[in-house]
Amino acid sequence: MREIIEILQADGRATPERIAKMTGLGVEEVRDQIAAWEDAGIIRRYKAVVDLDRLRAIDGTEVITALIDVSVSPERGFGFDNVAARISQFPEVRSVYLMSGAQDLRCVVTGRSMHDVADFVAQKLATIDRVNATVTHFVLKTYKDDGELLIPPTEDHRLRVAP
Amino acid sequence: MKPLNSVIAACPPSGIRRFFDIAASMDDVISLGVGEPDFVTPWRIREAGIFALENGFTTYTSNAGLLELREAICADLDSRYAVSYHPASECLITAGVSEGLDLALRVLLEPGDEVLIPEPCYVAYAPCVTFAGGTPVTVPTDGADGFRLHVDTVAAAVTPRTKAVLISSPANPTGAVQPREDLAALVELAVRHDLYLISDEIYERLSYLSPHTCLAALPGARERTVLLGGFSKAHAMTGWRVGYLCAPAAISELAGRIHQYTMLCASHVSQMAALEALRAGDSDVAEMVADYDRRRRLFVKGLCEIGLDCREPGGAFYAFPSIAGTGLTSQDFAEQLLASERVAVVPGDVFGPSGEGYIRCCYATALPLLEEALERMERFLRKVSA
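Residue numbers (our numbering), protein chains in the order written: chain A, 12 to 174; chain B, 123 to 508.
FYI, nobody ran anything at the bench for these hints, they're computed from the structure.
It is possible that part of the hints are untrue.
As the list claims (entries may be wrong) - Computed beta-carbon distance windows for the label pairs:
hint, chain 1, residue 1, chain 2, residue 2, range
1, A, Met125, B, Ser332, 55 to 61 Å
2, B, Asp200, A, Leu19, 37 to 43 Å
3, B, Glu427, A, Ala51, 30 to 36 Å
4, B, Glu190, A, Lys152, 35 to 41 Å
5, A, Ser111, B, Asp143, 56 to 62 Å
6, A, Asp62, B, Ala488, 17 to 23 Å
7, A, Ala51, B, Arg270, 44 to 50 Å
8, A, Ala46, B, Arg140, 23 to 29 Å
9, A, Thr165, B, Val313, 45 to 51 Å
10, B, Ala408, A, Glu73, 37 to 43 Å
11, A, Glu166, B, Asn177, 24 to 30 Å
Claimed, not checked - Cβ-to-Cβ under 7 Å is the rule here; a few derived chain A residues that face chain B:
hint, residue
12, Lys32
13, Met33
14, Pro174
Glycine included, C-beta positions come from ideal geometry on N, C-alpha and C.
Start from the sequences, fold in the hints, and give me the full structure.
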């Protein structure tokens, strides 16, 4: 069953028919298992992995990504959870993590421009109660994203026919 | 000019070569004709190779190879198969199994000695026996029972000149894995007739349905077995040319003597990379094996669905379906399939007469290409039967 998840993590469009052939399980069994995971919220959704740098090169679409360290005063009884939940609600915020080390939260934020992101930080993020300080790091280039290598792939150097 | 060596001149070139030449000249070919992984060597291993270059590990190593690597190989064999070799005297690092095979044959054979080789088999076996001065004697196996090795067929081929049996499980080209009891029976036969066993276990990590049986680990086998292994298939390291030969000291010592004067040592950089493969490569191997296994299931099922009879191959990364239903020979099938649908497979007869009526398809190919190849093959089959 674990194998079904692994196949879907690598290719969200793998059909139950194909997965059944790959694993030797029955098609219905695969379909039911996937549905169960979807119902249980284990599989959250299926989406495309996009190389934003290439997209920009083609149609000029600008997407700026920033990693923002947020220093937070924890709250008695809730720790960082309330503030983190408040930050997580913003659609500009792609990910939020509670971190070990000097800063408390790390957020991944995207916007149309550096100005957009800076505005969001100044107007929304930094003004939240208990947020003491923010440090914004803009992403300049993405080499690998969520396991996907975005630099040119290695070519197949194999001979066409070999013993 | 005086004539060149007549033994070598008389040895025909591999039947694969001709196919390679045709396929290489065509566009849009989906190749199922390769004999190697489609993965690039895992990064941690390549990185270890780069580190070795950067730090100047560019010299000879000891003839037998880095002791650290031999220790790691022997420890690995011991932990997985409970077969014990002494790293200093019973293990030799070779330039792939290919060199190890050549060394083993040259050490074991006197002129005219016969070597029994179950076929279909890897294309180099018989020529290497010939080059070593021996006589290859092939033993047919039958696709109808999954190319199982029947010990009585082997026994029937034994003569007073028989010196050794050369086998491979899992096998190229059939993907067949020999059951443990059949291998044990082979060992008994070898003991009875005092034969050596040469076991090419390059595909040992690629056994999908049952744990691999290491021939040398079977009772009575170790003292008469030359175990050949390597990194090419499991760790996707074909181009690094690094493998090993493990055998009792008397055999290893003589193999080392040839190696010392001919190869000198295996590539230092490759040995450093192989060491990393053994130290940290298990998770990469597990991932690649799981991936081959998925493609194996999908492809074999696909072959059966388009009407080619294919028994489930238990190992390696080859499917070896029968094409007997088409009425074509293996050569004709492969040539016409390539010409009309641009799918390259290898005709089974190049691996021995028992391979006639079969084709070898390597499923170490990207999934979408495998599916596309199946569609093209189905179209071809419809044309052929029309």
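Hinted contact methionine 33 of chain A with chain B - closest CB pair below 7 Å: holds, 4 Å
Supplied contact hint for proline 174 of chain A, tested at 7 Å Cβ to chain B: holds, 5 Å
Pairwise beta carbon distance, aspartate 200 of chain B to leucine 19 of chain A, judged against the given window 37 to 43 Å: holds, 38 Å
Serine 332 of chain B and methionine 125 of chain A - C-beta distance against the hinted 55 to 61 Å: With a Cβ separation near 59 Å, methionine 125 of chain A and serine 332 of chain B satisfy 55 to 61 Å, so the hint holds.
Outcome for the supplied range 37 to 43 Å, where the beta carbon pair is alanine 408 of chain B and glutamate 73 of chain A: holds, 41 Å
CB-CB spacing for valine 313 of chain B and threonine 165 of chain A relative to the 45 to 51 Å hint: holds, 48 Å
Minimum beta-carbon distance criterion (7 Å), lysine 32 of chain A to chain B: holds, 4 Å
Verdict for alanine 51 of chain A, arginine 270 of chain B (Cβ pair) under range 44 to 50 Å: holds, 46 Å
CB-CB spacing for alanine 488 of chain B and aspartate 62 of chain A relative to the 17 to 23 Å hint: Holds - the Cβ-Cβ distance for aspartate 62 of chain A and alanine 488 of chain B, about 19 Å, lies within 17 to 23 Å.
Beta-carbon spacing of glutamate 190 of chain B to lysine 152 of chain A - inside the hinted bounds 35 to 41 Å or not: holds, 39 Å
Distance restraint hint 24 to 30 Å, applied to the beta-carbon atoms of glutamate 166 of chain A and asparagine 177 of chain B: holds, 28 Å
CB-CB spacing for aspartate 143 of chain B and serine 111 of chain A relative to the 56 to 62 Å hint: 60 Å Cβ-Cβ, so the 56 to 62 Å window holds.
When held up to the earlier numbered hints, the structure conflicts with hint 8 and nothing else.
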